[in-house]
Amino acid sequence: MTPNPKRYEVLLIEDDAGDAELIREAWTQSGASVELRVVDDGRKALAYLHRESPYEGSGRPDLVMLDLAVPINKGIDVLKEMRQDAALQPVPVVIMSSSNDPSDVRQSYGLGANCFIAKPVGLDSFLRIVLRIGEFWFGIARLPAREW
Amino acid sequence: MDTGTVELLVVEDDPQDVDLIQQAMKAAMLTITLKAVPDGRQALAYLRREGPYSACRRPDAVLLDLNLPGPSGREILATIKQDAAIKEIPVLILTTSDAESDVATSYRLGANCYLTKPSHFTGYIQLVKQIEEFWFTIVRLPTWKP
Numbered sequence: 001m002t003p004n005p006k007r008y009e010v011l012l013i014e015d016d017a018g019d020a021e022l023i024r025e026a027w028t029q030s031g032a033s034v035e036l037r038v039v040d041d042g043r044k045a046l047a048y049l050h051r052e053s054p055y056e057g058s059g060r061p062d063l064v065m066l067d068l069a070v071p072i073n074k075g076i077d078v079l080k081e082m083r084q085d086a087a088l089q090p091v092p093v094v095i096m097s098s099s100n101d102p103s104d105v106r107q108s109y110g111l112g113a114n115c116f117i118a119k120p121v122g123l124d125s126f127l128r129i130v131l132r133i134g135e136f137w138f139g140i141a142r143l144p145a146r147e148w
Numbered sequence: 001m002d003t004g005t006v007e008l009l010v011v012e013d014d015p016q017d018v019d020l021i022q023q024a025m026k027a028a029m030l031t032i033t034l035k036a037v038p039d040g041r042q043a044l045a046y047l048r049r050e051g052p053y054s055a056c057r058r059p060d061a062v063l064l065d066l067n068l069p070g071p072s073g074r075e076i077l078a079t080i081k082q083d084a085a086i087k088e089i090p091v092l093i094l095t096t097s098d099a100e101s102d103v104a105t106s107y108r109l110g111a112n113c114y115l116t117k118p119s120h121f122t123g124y125i126q127l128v129k130q131i132e133e134f135w136f137t138i139v140r141l142p143t144w145k146p
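Going line by line, the protein sequences match chains Z and G. Residue numbers for the first sequence follow this note's numbering, beginning at 1 and rising by one. Residue numbers for the second sequence follow this note's numbering, beginning at 1 and rising by one.
Check each hint, because a few of them may be wrong.
Unchecked claim - To give an idea of the chain Z side of the interface with chain G (calculated C-beta under 7 angstroms), a few residues:
hint, residue
1, 109
2, 110
3, 117
4, 132
Stated by the list, open to error - SDA-like, lysine to any residue: derived pairs with alpha carbons at most 25 angstroms apart:
hint, chain 1, residue 1, chain 2, residue 2
5, G, 117, G, 7
6, G, 129, G, 84
7, G, 129, Z, 21
8, G, 81, G, 14
9, Z, 6, G, 81
10, G, 129, Z, 38
11, G, 117, Z, 135
It should be emphasised that the hints constitute simulated quantities derived from the structure, not laboratory data. For every residue, glycine included, the Cβ atom is placed at its ideal position computed from N, Cα and C.
So here's chain Z without its partners, still in its complex pose (with noise of 0.2 angstroms):
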């Protein structure tokens, strides 16, 4: 990946601890300039990205990466929300999901996710992947400005 010094900010949205440390060890491992933040649910999700309680001090994430599967609030919901707020409209969403429901890819796109990957399984698995998606969205693709 072509250096880069500006730093990332990535939210990652994920109920499965263990999911959420091989992302986090891939994001590490590929030398992307990504500062992780990682909330277990949808309430937490949406707080987060409402800058409530606790998270009043959070900044706007560069990228979302959304398990469908997430609880309280699901991840369709928060898709939802995010794409009928103003402010977060613009923020692309990374769809990672077990799913193998044809359904559930239509329904993501047609709510507004950016784009739709399969979870895929071990460690070498997902480094493959957090590298193409760091090398994509931070190396290729122009990304909205932070507006916060």
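Following the hints, put chain G in place on chain Z, whose structure we already have.
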């Protein structure tokens, strides 16, 4: 995903840019099927499979220039993303504009990503490789019954 079956619709009024993309894919040895239309109205007809495009398959993704004759790329993007029948198709913006306002507006309107046009051929090769490696290898795209 079997990249041999992937189809990309390029919405671009500059034939030289279409040719650059085509040549870059060839140089990168990618087997993506490229279809091109020169304006937004034809793009919508293609995606909706109307008129001369009624027998076309739905493309797996769209590469959309913002500056088009007739309705702008922004208008076409907004129309695609408000049309329940086609809004799930990923739209990748490819433009010369580097303006923050264009980036933010495109994402607000539902662009799946925003890419700037490279200034040289090598850049195009890199770009099409990255598109293939991300969108057509790692990403799961929506599928439709034929």
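Evaluated hints:
no.	hint	in the structure
1	109	holds, 4 angstroms
2	110	holds, 5 angstroms
3	117	holds, 6 angstroms
4	132	holds, 5 angstroms
5	G:117 - G:7	holds, 20 angstroms
6	G:129 - G:84	violated, 30 angstroms
7	G:129 - Z:21	violated, 30 angstroms
8	G:81 - G:14	holds, 24 angstroms
9	Z:6 - G:81	violated, 31 angstroms
10	G:129 - Z:38	violated, 31 angstroms
11	G:117 - Z:135	holds, 17 angstroms
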